[in-house]
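Residues per chain are reported as follows:
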Amino acid sequence: MAAFEYRQALEIRDAFRRQGVRYLFIGKSGAILLGYPDTTQDADLYLAKGPANGEAIVAALRELGFSLTGEQAAEIVRGKDFVQLKNGPFDLDLVFAPDGIEHFEDAYKRRVEVDGFPVCHIDDIIASKQASGRAKDRESLPRLKAFRDYWMLHNRQ
Amino acid sequence: MSPERAAANIPQDWLAEFEAAARRPLALRMKYSFIRTYKPVLDDASYRSFDTMEDYRRWCRENLPSWLGYGRV
Chain A
0 MAAFEYRQAL EIRDAFRRQG VRYLFIGKSG AILLGYPDTT QDADLYLAKG
50 PANGEAIVAA LRELGFSLTG EQAAEIVRGK DFVQLKNGPF DLDLVFAPDG
100 IEHFEDAYKR RVEVDGFPVC HIDDIIASKQ ASGRAKDRES LPRLKAFRDY
150 WMLHNRQ
Chain B
0 MSPERAAANI PQDWLAEFEA AARRPLALRM KYSFIRTYKP VLDDASYRSF
50 DTMEDYRRWC RENLPSWLGY GRV
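Protein chains in written order, with numbering that gives the first Met the number 0: chain A, 0 to 156; chain B, 0 to 72.
Bound-form chain B, shown alone (with noise of 0.2 Å):
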């Protein structure tokens, strides 16, 4: 598909956050985007590290609440 009919068929009320995005300078588009949120266990240490990245998916199915949307679907 060409991407003139892709984007073609981008919903109205996305394509206008992507084009009001577009108008922003970095700097504003990075102050809106970045937020700090508490996520529970997650940000409860300081340092984790991971062997491989099945150890990082089981670490977060057994240990995080479902609702943060980490587990596999």
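Chain A extracted, bound-state conformation (with noise of 0.2 Å):
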């Protein structure tokens, strides 16, 4: 499979808003569109948790091309913590109770649009990863706190 490519975030961003998607770009994905330089292989999603998003989720999958059997979209709508897809044009992990946030509703509001795709604001991205405790986000961890300095410095969000 190729590299995760902006036409793709589009088309993710477009099926997303068309079927009422309530999500977010959360982890390293959501950190490069807020401009942070550094490699990652595929889109995290952070999504609001519910039978209605659910459904709504599974129909914008399937309009993007991802293979979804019955159980597996009935997982969705009934909602897991964590599901990780690669069986579409793209890999993508869909997130629904990330490490360090609390809930969807607080994540949303404190958001950064960036080119109409809804991001997590830094502190969030910073705080799951703190919250996760996995060794590659400890490495990791200083330089993004410093792109939030500097983002801060630069957007005043």
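Don't read these hints as lab results, they were simulated from the structure.
Check the hints yourself; a few may be wrong.
Partial pick of chain B residues on the chain A-facing surface, computed with a CB cut under 10 Å [what the hints assert, rightly or not]:
id, residue
1, E3
2, A20
3, P39
Virtual Cβ for every residue (Gly too), placed ideally from N, Cα, C.
Dock chain one against chain two, each of which comes alone in its own frame, and use the hints as you go.
This is the structure we're talking about:
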């Protein structure tokens, strides 16, 4: 599979908008949208949990070309904390309960819009990586925190 | 700490990278940022789901090679 492309991010944005999905870009892909220069493999989305959003997510994913079985679609609607998709045109991680963030609505209020992409605030991205406690996140945190200081100076949010 | 003081502590090489990225349009930033590398085990299934993040962390700990960095420290 080829690397995730800007065109595909636009497709997510447009399909999710059409289906009314409530979501935010999070993780390193979110930081990259904010301007953070680093590498990653797939896109991470933070999604509001609940049957209505779940139905909208499934519809949007199918529109994008993900091959979801009936059981997989039902799982997304019923609600999981984490779903990893590699059965579509690009890899996608669906996170419904990221470490370090209590409520989707709070994160949504703090979101930043970048070219129409709803993105978690840099402080929420850092909080999530800190709380995950993963070795790869711990290693990248000092540079991400430095970017936070740069971003706050230039964006004042 | 004020944003100005905090930003003054950014190492010069990182600052240069942040400023260079800020000059690039989003499409180019994404082109430079998203790469494709095979990750053993993690990339070997087309779909996985976990009821809780704790279940996911446990699965990572028990199934992924430690050098991938998904284990908790």
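A quick look at each hint next to the structure:
{"no.": "1", "hint": "E3", "result": "holds (6 Å)"}
{"no.": "2", "hint": "A20", "result": "holds (4 Å)"}
{"no.": "3", "hint": "P39", "result": "violated (13 Å)"}
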